[in-house]
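Undergrad: Protein chains in written order, with our numbering: chain A, 1 to 114; chain B, 1 to 115.
Some hints here could point you the wrong way.
[To be verified] Pairs of lysine-lysine, DSSO-like flavour, derived with a Cα cap of 30 angstroms:
(1) 77/A x 106/A
(2) 11/B x 106/A
(3) 77/A x 22/A
(4) 49/A x 22/A
(5) 77/A x 49/A
(6) 15/B x 106/A
(7) 106/A x 78/B
(8) 17/B x 78/B
(9) 11/B x 78/B
[As the list claims (entries may be wrong)] The following label-pair restraints were derived from C-beta to C-beta distances:
(10) 84/A x 16/B: 38 to 46 angstroms
(11) 10/B x 15/A: 31 to 39 angstroms
(12) 79/A x 38/B: 28 to 36 angstroms
(13) 66/A x 71/B: 37 to 45 angstroms
[What the hints assert, rightly or not] Calculated Cβ distances over 12 angstroms to all of chain A for the following chain B residues:
(14) 12
(15) 16
(16) 52
(17) 64
(18) 68
(19) 71
(20) 73
(21) 87
Since the hints were derived computationally from the structure, they do not count as laboratory data. Cβ coordinates follow ideal geometry from the N, Cα and C atoms, glycine included.
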Amino acid sequence: AQSVAQPEDQVNVAEGNPLTVKCTYSVSGNPYLFWYVQYPNRGLQFLLKYITGDNLVKGSYGFEAEFNKSQTSFHLKKPSALVSDSALYFCAVREVNRDDKIIFGKGTRLHILP
Amino acid sequence: GAGVSQTPSNKVTEKGKYVELRCDPISGHTALYWYRQSLGQGPEFLIYFQGTGAADDSGLPNDRFFAVRPEGSVSTLKIQRTERGDSAVYLCASSLVGGSQETQYFGPGTRLLVL
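Only chain B is shown next, with the shape it has when bound in the complex (with noise of 0.2 angstroms):
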């Protein structure tokens, strides 16, 4: 079946610019987690969604960073004023029903190059 998807798989933006990821869970899952990972880095954690409702948001960095998954399975990260610090892996992960008991299972990811 099919697992995580992750668009685009690379962006490259400029510094100040608006940019848009979008993650498709495996179908069915109904929590949906964002990570990132910097070069030589493990990925962090960003937000977990739980159905349509962000359930944790304590891993964004700032409010420049903003999560959406309006139905309940597609989400969007969305990042505003971007600064080359953001430049990373965008990683989207999901999970049946987000018991702690199970396993996430990312996407390809995004990598995201800010200039």
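Next comes chain A alone, as it looks inside the complex (with noise of 0.2 angstroms):
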């Protein structure tokens, strides 16, 4: 079975340091890869994606994430982190050529301190 783990439910950052939050990932198969970031009373949004080849992923508002298969993980990170950063962000994984759901985890609150 699919599933995701963000080990941190939250994670503090002075603004201007970088940032990583932390996903690693379950699938019987290969992944593709996905985060969202969701602020308050708002949806989720899509951040950015690994879908194959270059296994370092840019994505919107200069976040990026490392692919990296054999720690199974797939963690965003970001030179230098603003205020304006702060929300929860969701890692998810879906199985190649399933079609259906995303499995999502349970989200990492991220917190830049000015």
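Put the two chains together into one complex; each comes in its own frame, and the hints tell you how they fit.
TA: Structure (structure tokens):
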């Protein structure tokens, strides 16, 4: 069965510092991996995805994520955090050739401290 | 262009009542998904439509939940005999044709509170 783990409920980072939000996954086949962000009272917004190719994926708002197959990880990163990055972040996985559900992690709340 | 829209944005009902939640996907998207997000959790899959038909309804928790998409565009999630445990945010998403590589685009959700 597919699953996603986000080991940190909350991450605090000072503005201007680099940030990392961790994600590990489990699928029986090859994965497609996604990051979404959720701002208060708003829906999920797509940030980036890994399908194939370069393990480093660049997305919206300066975020990037690195796919590591041996560690089954897909950590979200940004070189310099902004206060406006404060939100709830969800990692998600989909198995290749499965057209239905995306499996989401529980989410990590990111606090950027001014 | 317009994104996924959902109505109502908030719904308060009493235990035992019937509710309908509406989703209007991005124009031209043939795939439509419903998810449920409980407090402190990530979204959980409920049902997936490809066109008018439900391609996968394995996430519906029980037979009180039902969804339709009669014309392949707007979808309605229906909950009968609501229970307090049904309180959650119900999210709708759509994608162009439903392929596994595609991004799903989410609406703002309907927050359901069952008293």
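Undergrad: If I take the minimum Cβ distance from residue 73/B to any residue of chain A, is it greater than 12 angstroms?
TA: For residue 73/B, whose nearest Cβ neighbour in chain A is about 19 angstroms away, the distance exceeds 12 angstroms, so it holds.
Undergrad: For the pair we were handed, residue 49/A and residue 22/A, check the Cα-Cα distance against 30 angstroms.
TA: The given pair, whose Cα atoms are some 15 angstroms apart, holds under the 30 angstroms limit.
Undergrad: Find the nearest Cβ of chain A to the Cβ of residue 12/B and say whether that gap is larger than 12 angstroms.
TA: Answer for residue 12/B: holds, closest chain A Cβ roughly 16 angstroms.
Undergrad: Starting from the hint 28 to 36 angstroms, judge whether the C-beta atoms of residue 79/A and residue 38/B obey it.
TA: holds (34 angstroms)
Undergrad: Against the 30 angstroms threshold, does the CA-CA distance of residue 106/A and residue 78/B hold or violate the hint?
TA: The hint holds at about 25 angstroms.
Undergrad: What's the verdict on residue 11/B and residue 106/A, does the C-alpha distance respect the 30 angstroms limit or exceed it?
TA: holds (24 angstroms)
Undergrad: Please verify whether residue 17/B and residue 78/B have alpha carbons no more than 30 angstroms apart.
TA: Roughly 11 angstroms between the alpha carbons, so the hint for residue 17/B and residue 78/B holds.
Undergrad: Can the restraint linking residue 77/A and residue 106/A be considered satisfied, given a maximum Cα separation of 30 angstroms?
TA: Since the Cα atoms of residue 77/A and residue 106/A sit roughly 18 angstroms apart, the hinted pair holds (cutoff 30 angstroms).
Undergrad: Just want to verify: residue 71/B was marked as not at the interface with chain A; is every Cβ pair farther apart than 12 angstroms?
TA: holds (21 angstroms)
Undergrad: Regarding the pair residue 15/B and residue 106/A, is the alpha-carbon distance no greater than 30 angstroms?
TA: holds (27 angstroms)
Undergrad: With a cut-off of 30 angstroms on the C-alpha distance, tell me whether residue 77/A and residue 49/A pass.
TA: Holds, because 13 angstroms separates the two Cα atoms, which is no more than 30 angstroms.
Undergrad: So is residue 52/B really clear of chain A, every C-beta pair being over 12 angstroms apart?
TA: holds (16 angstroms)
When each numbered hint is compared with the structure, no violation occurs for any of them.
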